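S.K.: Each chain, letter by letter, is given below.
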Amino acid sequence: MIRLPTRFHPKHGRLKTLAAAVLAISAICLLTSPLRAQDDTPPGGDPGAAMDESDPHAGHDHGADPHAEHTHDSGGLTAQPRLHSWPAEAIELLRRVPIQDDGRVKPFDTFARYTLLRLNGRQRFTLENPDGSKTDLDPVAWMLDAMLTPEVAIGHRMFVVEDSNVLVADGFVPPAGRSRRDRFSYAELFPVRDRIAKLASQYARVKEQDRTVTQNQLVTLDRNLADFEQLTHFSILKELETDVSGAPRFEEAFDGHATARLSEILARADLVRVAIDETARAHGDGAAPEPGSGRDAEVLSRIARLVQVVDTYGRRLALIPPNGSAADEPEYYTFAALSHAAMEPGARLKPQIELLSEWEELSRSVNDPDAFTAHAKSIYAGSTALAEARAEAGKVGLEVTYHRMDFVYYSLMIFVAAFLLAACTWIWSKNRVLAKLVTFTMAGGVLYLAAGITMRCIIRSRPPVSTLYETILFISAIVVAVSLTAEWLWPKRVVAAVGSLAGAAGMFFAYKFEIEKGVDTMPQLVAVLDTNFWLATHVTTVNIGYAAGLIAGFVGHVYVVGKALGLRRHDDAFYRSIARTTYGILCFGLVFSVVGTVLGGIWANDSWGRFWGWDPKENGALMIVLAELIILHARLGGYIRDWGLAFLSSLLTVIVAFSWWHVNLLGVGLHAYGFTSAIKSVVIGFYAFEGAIALTGLGYLAWTRFGKSSAPGANGTPPAPPALPKA
Amino acid sequence: MSRRSTTLPGRVLDVLSSFGLTIVILTLLLFLTWRGTLEQVDHSLYEVVKRYFEAVIVMIDVGPLKVPFPGVYPLLWLLSVNLVAGGLVRIRKNKATAGVLIVHAGILLLMGGSLVEYMTSQKGHTTLWEGERSHEFQSYFEWEITVASSEPDGATTEYVIPGEKFIGLGDGGKLTVHSAELPFELVVHDFHKNAEVVPARGERSGGLPVVDGFALLPRKLEPEAERDLAGCYIDVVRKDGSRETGVVWGGQRADWSVDAAGRRYAIGIARRRWELPFTVVLDDFRKDDHPGIAMAKSYESDITKIENGVEEPVRISMNAPLRSEGYTLYQASFSEPMRGSDRYASTFAVVRNPADRIPLYACIVITIGLLVHFVRKLVLHVKRQSTVARSAA
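In order, the protein sequence lines correspond to chains W and U.
Going by this note's numbering, the first residue of the first sequence is number 674, and it counts up by one from there.
Going by this note's numbering, the first residue of the second sequence is number 3, and it counts up by one from there.
Because the hints were derived from the structure by calculation, they are not lab data.
Note that the structure is predicted; figures quoted are calculated from it, not measured.
Treat the hints with care, as some may be off.
With a straight-line Cα cutoff of 27 Å, these simulated DSS-like cross-link-like pairs (lysine-lysine) come out [to be verified]:
hint, chain 1, residue 1, chain 2, residue 2
1, U, Lys385, U, Lys97
2, U, Lys167, U, Lys52
3, U, Lys222, U, Lys195
4, W, Lys1190, U, Lys299
5, W, Lys1050, W, Lys911
6, U, Lys125, U, Lys97
7, U, Lys222, W, Lys880
8, U, Lys176, U, Lys52
9, W, Lys1068, U, Lys299
10, W, Lys1023, W, Lys1050
11, W, Lys1109, U, Lys385
12, W, Lys1103, U, Lys385
13, U, Lys299, U, Lys289
14, W, Lys1023, W, Lys1068
15, U, Lys379, U, Lys97
Derived CB-CB ranges, DEER-like [claimed, not checked]:
hint, chain 1, residue 1, chain 2, residue 2, range
16, U, Arg392, W, Phe1113, 24 to 32 Å
17, U, Glu313, W, Glu1002, 29 to 37 Å
18, W, Trp1161, U, Glu309, 56 to 64 Å
19, W, His1013, U, Glu313, 38 to 46 Å
Just so you have them, the derived chain W footprint on chain U, three or more residues with Cβ under 8 Å [claimed, not checked]:
hint, region
20, 25-34
21, 329-341
22, 359-368
23, 375-389
Just so it is clear, CB atoms sit at the ideal spot from N, CA and C, and this is done for glycine as well.
Please construct the entire structure, taking both the sequences and the accompanying hints into account.
M.R.: Structure (structure tokens):
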């Protein structure tokens, strides 16, 4: 049900909302019109004016209502308070509507989630109510706000400005009480929108690596504002109708209605086409006009302008599945594309035009919850039926479920719990129930994550790893699974803790990576990656090698740091077991690294015609293999013993990080997946952490070799730290 | 490993088969691979490969010093010796080392295959517009100077100066080429791997001769070496002592024409070409994007392979090359139709590599060896643990 405030007057409220909507759309259209650079007056920029001069709201400023309650007036763009809430049933139905975005069919829910994530930095939007309370908006609800009630959405504080001082110089006046880094609404940023666009266009010419943080953020802000503007264009749909009264040719076609909406016009596209042909012919023949033909021509001209408006503003969302198979007709219709297709001779688009009609009705039923839900039902049914006929609806529900289950978040929680439990086993070392609980929690976490990975495989019809994001999920799962196995083989309650912590860190990284990228994590793949055989073999094995290298190094950390801090100083068996564990995982990793690397070469040979090309990613994989071989041969040759094995394994994590992430940031080679400054910071942070571990180890080595006799303390030994429990 | 030898050959063999040498080689390889990777940010892959991976000595900046390191190529030779001596000959041969022996054999096979590829492979490309045919392909990086003359019967005779003869000439270097069949000798000088022909005045510009108002201006090497356009000056010295100087450049549309002994010769510089044992005709090229976005979903070329008059239709796409007669054709790139045309062009990478399948066989051998070795170790560990657990119980 739509929740109305007690003092809400439906008639006035609706008028006020409509007026504000017209103002907001007009302002946004004016700003984003492709012609605005040529002319200050928006030609076609005011869709209301373009549609119908007789529209009482068209072209007039109804927005600056000084009596409006809870409005945010900002430089001429006024946001209206959110007086509605979308019916829950409608949201659930619309969530599952199949649409096409980023080259694939996905639920409307996924589109809404990632758009909100990109703009807001979170997949939920927290709305500040006028009474100070807060409401969490579902991504679909937020998306409906932007699409259907832009006059409200322009007041949503969702755009993160890292340093608002940058904009102050350009005339931006931050509202009182806002910090330098804060979220601002579109209405608040509107006065400096042009300036943001200009600066961003200037900075976009600089390579991302060379931009300052502020410049990068401004480019992102501009992109986000532009995305939002495109979404708000959808609301034009509710205004898209034209006066056809008094035109003999059209009155009958539109059942005597005085006005015709876009869907009605497209449904009678044959008539429009004939009218165009005949008008053109009559014009060419110089024949005397028939009675009423002047009005016909006028209506025809209005229809042409309406289609022009759709062509300009109806290009963002591909909501309507076409007829035919996905191979023959791959692209879903945007409203602009549907208008063009419907005007083609012989077009048979009845179900598509009916669907358009339902979207029109939905956009006009914002204040009527029952009607809104009914139209949402029709949209869901119509879209699903069309998509099912193309075999594209089958995985839409699964994808909605995938996002609902929030695998990353819950796996993170489970791994944290497993780590805490593992830490408890250090205190209550005899408690077998606790030890079993650690195992079950870890297994539960890894199974939950594996379920998420499996769902992704089913949705994408791909093996587990085909994107950088998926490497994080997969490697984290393998890290925990290997830790569990190692704990079973060498039960010291250390590997379980290390594995849980690494799994939790992996999930946290996946979460941050998703936010940083702000794009759908199930993108389409470039042509060379379109091979499930090599993705399943090379990519999977090489990532298992990464995972093993990491966990071997992390277990090695325990040895190095434990020795340096003097933990369990006299428990040689404990350290021997840790070293054996490290060695075992290292051997496991070597198998997958070697095989994965060679398989990569064979794939490259099949795709590019060479086995080895010294590409950075190939080199990274080779470096892992070389490092593992060095460690194992050094141990075999007696050059290192347990400490050396653990220390060098610790360093291996740096090489894995280099191969996994750093080479992608170099911006060269065939595997450069794009530079991201935030990821670079994480990689550098990781190097720093590993550097600290290495220094600790080297410090310990220096102290044991050279400084033992002269070091302070009892016989030169450092003060005894708290001991870990015995195994 | 056996005890230390007392004889000199024995000691040499000790060193060559030692773990110490293995570790040193692997560490150097690791370091050079890392440096070679980072170098690619500022230099072309081709340059980096030449400098780090194919050179005998690599000079690396360490602070203000230039420190010599062995290149990857000699290191791999040394590693092969070490592997054979230590990992196959001197290693104890029993159940415990069976897996290791298999792995080492697999690695040798892989390295042998790479050597065969390095020594004998031909790598290049051929670009065809729809409807065009070709029976040759050209190198990405190698250049050759060609001298062509038309015979009275209409046939063309081509003389070729291979790139390795002049590529290292450097500033001031000259190469004089004679041929009994040519009525002149050629003096190649001022060769540059990447250059541009620019208008110039006077007799010399920037130290280089000006020919017919143009000079060859050296340019910085491109990050993608295949974009480099080589050029040089050539002096034609006729038998009567007359001399003519010309500029040949990889980017020029027509060769330089020289008249001698009553015939006309066309002299030019072009990327090295190889013959294919069959002819390829591009019938159709298709590029499909993912719906609604500018990301390629697939590239496909329908070609006709003509060999000994027999035509065979073949489809080449990403990850599905054509293999025939020791040559492999891969879908590499494409060009949009030119203005006024609807014909696409498709570029195929062409490789002749006798060791094409060796990495696959080596991979299988290495996998088997690793599994034999480590699974055995795992089983032994589990057994030992069970024994310890039983005795503790």
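S.K.: So, for every hint listed, does it hold in this structure?
M.R.: Comparing the hints with the structure gives:
1. Taken as a hint, the lysine 385/U and lysine 97/U pair is honoured in the structure, with Cα atoms around 17 Å apart against an allowance of 27 Å.
2. Our distance criterion of 27 Å between C-alpha atoms is met by lysine 167/U and lysine 52/U, whose separation comes to about 17 Å.
3. Restraint check for lysine 222/U and lysine 195/U: satisfied, since their Cα atoms lie roughly 9 Å apart, inside the 27 Å limit.
4. Distance restraint check for lysine 1190/W and lysine 299/U: the Cα-Cα separation of roughly 22 Å lies within the 27 Å cut-off, and the hinted pair is therefore satisfied.
5. Between lysine 1050/W and lysine 911/W the CA atoms are separated by roughly 18 Å; this keeps the pair inside 27 Å, and the hint holds.
6. Distance restraint check for lysine 125/U and lysine 97/U: the Cα-Cα separation of roughly 43 Å exceeds the 27 Å cut-off, and the hinted pair is therefore not satisfied.
7. This hinted pair checks out: lysine 222/U and lysine 880/W have alpha carbons roughly 21 Å apart, not beyond 27 Å.
8. Proposed proximity of lysine 176/U and lysine 52/U is supported: the alpha carbons are some 23 Å apart, at most 27 Å.
9. Pair hint lysine 1068/W plus lysine 299/U holds up; C-alpha atoms about 20 Å apart against a cutoff of 27 Å.
10. Taking the CA atoms of lysine 1023/W and lysine 1050/W, the gap is about 18 Å. The hint holds against a cut of 27 Å.
11. Taking the CA atoms of lysine 1109/W and lysine 385/U, the gap is about 23 Å. The hint holds against a cut of 27 Å.
12. Restraint check: the Cα-Cα separation between lysine 1103/W and lysine 385/U comes to about 25 Å, which is no more than 27 Å; the hinted pair holds.
13. Of the pairs offered as hints, the one joining lysine 299/U and lysine 289/U holds, with about 8 Å between alpha carbons and a cut-off of 27 Å not exceeded.
14. For the hint pairing lysine 1023/W with lysine 1068/W, the CA-to-CA distance comes to about 25 Å; that is within 27 Å, so the pair holds.
15. A threshold of 27 Å between alpha carbons decides the hint, and for lysine 379/U with lysine 97/U the separation of about 11 Å falls inside it, so the pair holds.
16. Judged by the Cβ atoms, the range 24 to 32 Å given for arginine 392/U and phenylalanine 1113/W holds: they are separated by roughly 26 Å.
17. Checked against the hint of 29 to 37 Å, the pair glutamate 313/U and glutamate 1002/W passes, with Cβ atoms roughly 34 Å apart.
18. Look at tryptophan 1161/W against glutamate 309/U: about 59 Å separates their beta carbons, and that is inside 56 to 64 Å.
19. For the hinted restraint 38 to 46 Å between histidine 1013/W and glutamate 313/U, the CB-CB distance of approximately 42 Å keeps it satisfied.
20. Coverage of the region 25-34 of chain U by chain W holds in this model, with 5 residues showing a Cβ closer than 8 Å to a Cβ of that chain against a need of three.
21. Against chain W, the region 329-341 of chain U contributes 3 residues with a C-beta closer than 8 Å to a partner C-beta. That satisfies the three-residue criterion, and the hint holds.
22. Counting residues of the region 359-368 of chain U whose beta-carbon sits less than 8 Å from any beta-carbon of chain W gives 5, enough to reach three: the coverage restraint holds.
23. Proximity of the region 375-389 of chain U to chain W, defined as three or more residues with a beta carbon under 8 Å from a beta carbon of that chain, is established by the 6 residues found.
Of the numbered hints stated above, the single one contradicted by the structure is hint 6.
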